[in-house]
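S.K.: Okay, here's what each chain looks like letter by letter:
Number of protein chains: 2
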Amino acid sequence: MSTKFPKHLKPSKPHGESLLLQERQRATFNPDDLANFIYGKKYIKKRNDILQILQNDSVLGDKSHRYYNGRHMRFRKSLDAAKRFAELQSIYQWSDEEFAVAESLFDEPSAFRLHRTMFMPTIANQGTEEQKRIYLEPALRYEIIGCYAQTELGHGSNVRGIETTAVYQPETETFVLNSPTLTASKWWIGGLGVAANHAIVMARLVSQDKDYGPHPFIVQIRSLENHEPLKGITVGDIGPKFGFNTVDNGFILFDHVHVPHIAMLARYSRIDRKTGEYIKPPNSKLAYGTMVFVRANIVLESCLVLARAATVATRYSAVRVQGSDASNPKKVTDSNGDLQQVETPVLDYTMQQYRLFPIIAQAYACHFTGQKMHHMYNENQERMSQGDFSYLADLHASSSGLKSLTTTLAVSAIEECRRACGGHGYSLFSGLGHFYQDYLPKATWEGDNYLLTQQTARYLIKTMRSVVAKREESNFSSQYLSEYLSNPRARCSFTRIEDLNNPELLLSAFKFRSAFLADKAVHALDVQKISWNDMLIDIYRISRAHCQLLLVSNFIQASFSGPSSNMKQALQQVALLFCVSTLEQELSDFLACGYLSPEQALMVKKKLVNSLKLIRPNAVALVDAFGIPDYMLNSALGENKGDVYEKMAAMAELEPLNQTKVADGYEDYIRPLIHKGKKNWKVGKDGIARL
Amino acid sequence: MSTKFPKHLKPSKPHGESLLLQERQRATFNPDDLANFIYGKKYIKKRNDILQILQNDSVLGDKSHRYYNGRHMRFRKSLDAAKRFAELQSIYQWSDEEFAVAESLFDEPSAFRLHRTMFMPTIANQGTEEQKRIYLEPALRYEIIGCYAQTELGHGSNVRGIETTAVYQPETETFVLNSPTLTASKWWIGGLGVAANHAIVMARLVSQDKDYGPHPFIVQIRSLENHEPLKGITVGDIGPKFGFNTVDNGFILFDHVHVPHIAMLARYSRIDRKTGEYIKPPNSKLAYGTMVFVRANIVLESCLVLARAATVATRYSAVRVQGSDASNPKKVTDSNGDLQQVETPVLDYTMQQYRLFPIIAQAYACHFTGQKMHHMYNENQERMSQGDFSYLADLHASSSGLKSLTTTLAVSAIEECRRACGGHGYSLFSGLGHFYQDYLPKATWEGDNYLLTQQTARYLIKTMRSVVAKREESNFSSQYLSEYLSNPRARCSFTRIEDLNNPELLLSAFKFRSAFLADKAVHALDVQKISWNDMLIDIYRISRAHCQLLLVSNFIQASFSGPSSNMKQALQQVALLFCVSTLEQELSDFLACGYLSPEQALMVKKKLVNSLKLIRPNAVALVDAFGIPDYMLNSALGENKGDVYEKMAAMAELEPLNQTKVADGYEDYIRPLIHKGKKNWKVGKDGIARL
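As they're listed, the protein sequences go chains A and B. Following UniProt numbering, the numbering of the first sequence begins with 1 at its first residue and continues without gaps. Following UniProt numbering, the numbering of the second sequence begins with 1 at its first residue and continues without gaps.
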């Protein structure tokens, strides 16, 4: 017998539904207009079509089991889903973009993820035509399943440090793969623990006694017949993780495993089959283009992450009432049309606004910059195909820093939104717990968020040196650096809070600060001869400053251009909030460079409170505009309808411990203690033993 | 057949053990001296005695299962442990303090936690002698198990908003407990979901048609005989949470449940049994004393939390090598006595130091302030017993803000340390994942970390008004506020980086900043008539500034007084790092109040890098001094010996998915896909099918 909540009990009034309705009525714009502006109708329709397929699918439609299962059952269910995705892919012939939309709606990483995102693309990019024919075609049909094995137990991001070797033997025409130490074990490899039967293995290529460094080899690791590991291979799952437990991250060790000559991916560099001679790759900058593309996607994805976290916390904060703000007592019209005084929705408290609204603004900021990067990526590809590489360095530098900044923002936003939901944020039913746990690795992979900033800063420092030497090419970066050099003693001009509504003034402040930091770094490195290692803290800040400037600049451009409308005005307020809250958060930089005075700093703080007030009536509409479906949120607190408490109760009813009148464990561990006191019991008229 | 790592493989050199040995040899002091200084020998012996008991216990000694189980099995094992703790308690007659040490070493919350920490203390404090006899005595023997049911589904921290009612009926001499709505359901109640058969229920007391607000009732909820819920009661577990899943947080609803007159805890206020007349409680400030005690413990505990996180990340950062710092290549002596050039331990990178060393410093800071609060608590209890309440307001205000600040620091430190461990930080084997998840609620309970700061700020603002009106009592707070008022245009005097070694200069800066913020708030509230709600962001900062000042002040006092020694000098460097890193982190405040100039701000940044260098040789010794045993850490990365990679491999071998040659799920979800490609297979001489 399972525990059920009494059906006649409803939440106390006002109900969440009426509170959200009221929020939606007071917005100054129509969220559909904003949705169309940011996504375009075509994308919205596509997302909705895919949503319908997933929601109605017998395997993928029901997410209700997700929060209760241990890893074993979660992994099984995830394999089931992965298989179903492979089938749907073949039914609907989704494009890569459509597949990505479907995966993002389903919102659970699977064992086949790296097969699609790394194994197949690597063969496609680095394999010969023959290798593509042999491996890629069956891979596309999931007749082999692959993974990408680069990271080792002893070496994460530093690929040059890997220890696995592949020694070519011309006499057998084989490479001998070997793991000389325990730390050489491949580790963290998604899909390897259970699912994959092939792997692309990065190993140090050795031929004719010379070490040519890491190269990719395609290696069968498990039997196609019965899935058992092949001879000389030790392979398994690396065990439980903080998140991502629906993926079988694995380890693998090779004990002198022979693989044929064709195993080495040979589009660029290769080994002569007979002699073992190494043939060098042609020099290519094209790989950087791909990285920009991947990172542009990460920036766009971080918009979605921020938006999703903000949606849950904002809607719940409109429904959750707590105490009352004496200066502004809250009244709502109930279903009978009566005006009723109620407790204050926590969204009315300035501190809650201060925690949440900047996150909404960050989501929009990341959207416009992600879009911009896609445009720039396309323009750069176009130019590179014509032999013009002039865009690449700037674009690569910006994309590195933006990946770091926006994923850092997104990670901290999920956790901040979870905490801003108070106690219930800690329940998995909030939908923010697993979400946080599964998103976290983004801060480490595709470039560690600290290491990446060195690339951005290095580029800016180099550009600053060029500008000083009048060798500048003219792009956004060199222009603002050069502006700064023309007047390094410039000071911010505003005198009244209202002046902070001027986007140009805000943009100038971000330009000055970033250029100041780059200039100081050049001085420290070139004049004071401070080591790069001693500069790492400053370097992190330079990248951050430059990328915040990019976000500010792109947001202002997108929202302050084109025809005006209610929607546009609302968006402009969000852009101003983004600028002012970022300014406030980084105030020490703006003060330390002397650009802002202490008096101006206090004005910025006041302006921020003022900006929060302007956003308040539109808060729910602004998250609605992202159009994140309930299917994706899987959250009792954040769903569109606002029936928070009914959902919490319904989800608690499904808890496995509630499926019996007395839970497992009682007999063994509780009863023996309680029954020791039996002599003191008195049995009442109702037959119940009491003290 | 389970997967085993090849036994002959060792990690590449230098091994973690030799790297840690080297770190320990270069320290400038003996960590035992520091351990004795902070804990005292008596405490260290006690901790060690308890550790021996736990480590050798058949139920509690083995933690190796912890990271693999789903909730069901984890909860069962935790019940087993809770029962064992009850037995050990009766064997060793541990004091409350000793029990707390044992629990902290065991490091897993249990279903009996609230029975001990809330159920019994509430009866002891608020029950009559008769109630203590009836309920407390069997509770001490675990013959009844209780919980504390205050929070409701619709109301968290705001106890005045609770909806559960207890209406007194003189004719039956019973209280009728009722949950009028769904949101009235008690929720989040630890121990209620499965274990408890009694609960202290906070309900609005209604008698003679009058609502007297929340009062505590002791209510039997499950049968002592068979543990089934009693009539009129709906009770169960609230479902999975982000952490704390070894605890059965529960919900409960009452449908007109009658409980006898004795159910109301009646030491302070009570209902006349015959008439239903309400007899008011005597006015008492004593409850505040208890809160101070609880919060002092939380501050001390946050030291342990920071120390534990820092121990794992610091030791692993000494063992983990990655790339090399060209300006400072690293050499170590290997076991053959040869000097070997190796990759750089990540602890040598300034950015890693910047992330970790301030956390070590925060741990020490929290220790000294926690100790100080215990002294002040004792002194205050002494005074209150003589009718002197003059200490109470200041102590209560500081303890509120310190609870907020130190738990916020501790939460973010665990996560920062986890991330600073790179990829392996994400493995549960790091020991930081569950640790973070289980510690998190501390930021919400015993006072939400945002709400609490209002108490601190309100007191400071009030004190500032008194000082202005020359009505000040003389204590630490009023003194520094008054100093500020005597010279609100004071400016910081340092001109060289070396000046920042002066603790008095640093202390003055923290005093000025806190007083400035309090003064501005008084002006905003009293002169500009800005509402409290619009001031909430400032209020949060005032509390933070005041409490950072307390940490700075207590740390300086503890480390710069008494006889000098190598240990003391090392500790002083940690104190200076704490001051400078906190200063740097809050730089915008110090600049915006005009106390620091932009030039001075840049000097602070340089001093910080300088401070990190001074800490570097002592980093491992500083975390060793906390003496956190491996049993508690349960971490492959952080153990004392440094055999990181061997531990990672050994723990991966225990992963359930690795216990069979082919994992569950293959037959159903992978084989059908792979075998579709059978027609393309070629079988080699080794009998293996290949593409």
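I should point out that these hints are in silico values taken from the structure, not numbers from a laboratory. Take these hints with a grain of salt, some might be off.
Identical chains share a label here; the pair holds if one copy fits it or two copies do between them.
[Claimed, not checked] Pairs of lysine-lysine, PhoX-like flavour, derived with a Cα cap of 25 angstroms:
id	residue 1	residue 2
1	K676	K13
2	K13	K46
3	K210	K682
4	K661	K682
5	K568	K274
6	K520	K210
7	K4	K231
8	K605	K231
9	K606	K45
10	K605	K529
11	K529	K132
12	K10	K613
13	K7	K568
14	K661	K231
15	K462	K280
16	K280	K679
17	K132	K661
S.K.: Against the structure shown, which of the earlier numbered hints fail to hold, in ascending order?
M.R.: 1, 2, 3, 5, 6, 8, 9, 11, 12, 13, 15, 16, 17
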